[in-house]
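If you want the building blocks of each chain, they are given just below.
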Amino acid sequence: NAGVTQTPKFRILKIGQSMTLQCTQDMNHNYMYWYRQDPGMGLKLIYYSVGAGITDKGEVPNGYNVSRSTTEDFPLRLELAAPSQTSVYFCASSALGGGGTEAFFGQGTRLTVV
Amino acid sequence: DAKTTQPPSMDCAEGRAANLPCNHSTISGNEYVYWYRQIHSQGPQYIIHGLKNNETNEMASLIITEDRKSSTLILPHATLRDTAVYYCIVRASGGGADGLTFGKGTHLIIQP
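Protein sequence lines correspond, in order, to chains Y and Z.
In terms of the numbering used here, the first sequence has 55 at position 55, counting the first letter as 1, and numbering is strictly consecutive.
Count along the second sequence from 1, then add 114; that gives the number in the numbering used here.
Everything labelled a hint here was simulated from the structure, so no lab data went into it.
Mixed in with the good hints, there may be bad ones.
[Claimed, not checked] 20 Å max Cα-Cα, derived EDC-like pairs, lysine to aspartate or glutamate: (1) Z:K218 to Z:D125; (2) Z:K117 to Y:E72; (3) Z:K166 to Y:E102; (4) Z:K218 to Y:E72; (5) Z:K218 to Y:D38; (6) Z:K117 to Y:E59; (7) Z:K166 to Z:D181.
This is chain Y alone, in the form it adopts within the complex (with noise of 0.2 Å):
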């Protein structure tokens, strides 16, 4: 069972270049986050999923953009990348929203943008 699945591990970007990080879960989840984590701070939420179609933003969305064509996979675009944007992204997914539920995490992207 591989739960969260992230892709790539590491990436380097030059200022203004695009990539996408992938995101797969094979549990099923309809709930599905993208966070990331900048050094020494806790993670912060980007856009989250509450299903296949849906999207939403989090707490720091700009300058990036995702999309849920399927349940398993939750892509995650950074369009022109940016030095503010260096940092560990994390995916989860999680079966229900709310508490009572637990959410589970990939390994992380750590982007370096130069």
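Take the given structure of chain Y and dock chain Z to it, following the hints.
Just chain Z now, with coordinates in the frame of chain Y:
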């Protein structure tokens, strides 16, 4: 979701019980207390959660005070592999699909 307060760091000797406190004085009646940990920048790992009663699983125990304004996560026999940042999170039941709110957590260091 209610805010939580945790000490920034704690030490514990290997083999001893590690007791991590969390204050959530503004918690509402329908809000759960969750604990996650993050080992060396890996993805956060779920540990345990509870609503009113104390909870125990294979990883830890969660003690919630009767007024629910604070809780303690107990790792009964800490090992070096338990060195991590531990996050206490409060989350409402039913709705609230908008993710978990992570603070800075407690950096627990297990000393050999």
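So, going through the hints one by one against the coordinates:
| no. | hint | result |
| --- | --- | --- |
| 1 | Z:K218 to Z:D125 | 17 Å, holds |
| 2 | Z:K117 to Y:E72 | 32 Å, violated |
| 3 | Z:K166 to Y:E102 | 17 Å, holds |
| 4 | Z:K218 to Y:E72 | 30 Å, violated |
| 5 | Z:K218 to Y:D38 | 11 Å, holds |
| 6 | Z:K117 to Y:E59 | 16 Å, holds |
| 7 | Z:K166 to Z:D181 | 9 Å, holds |
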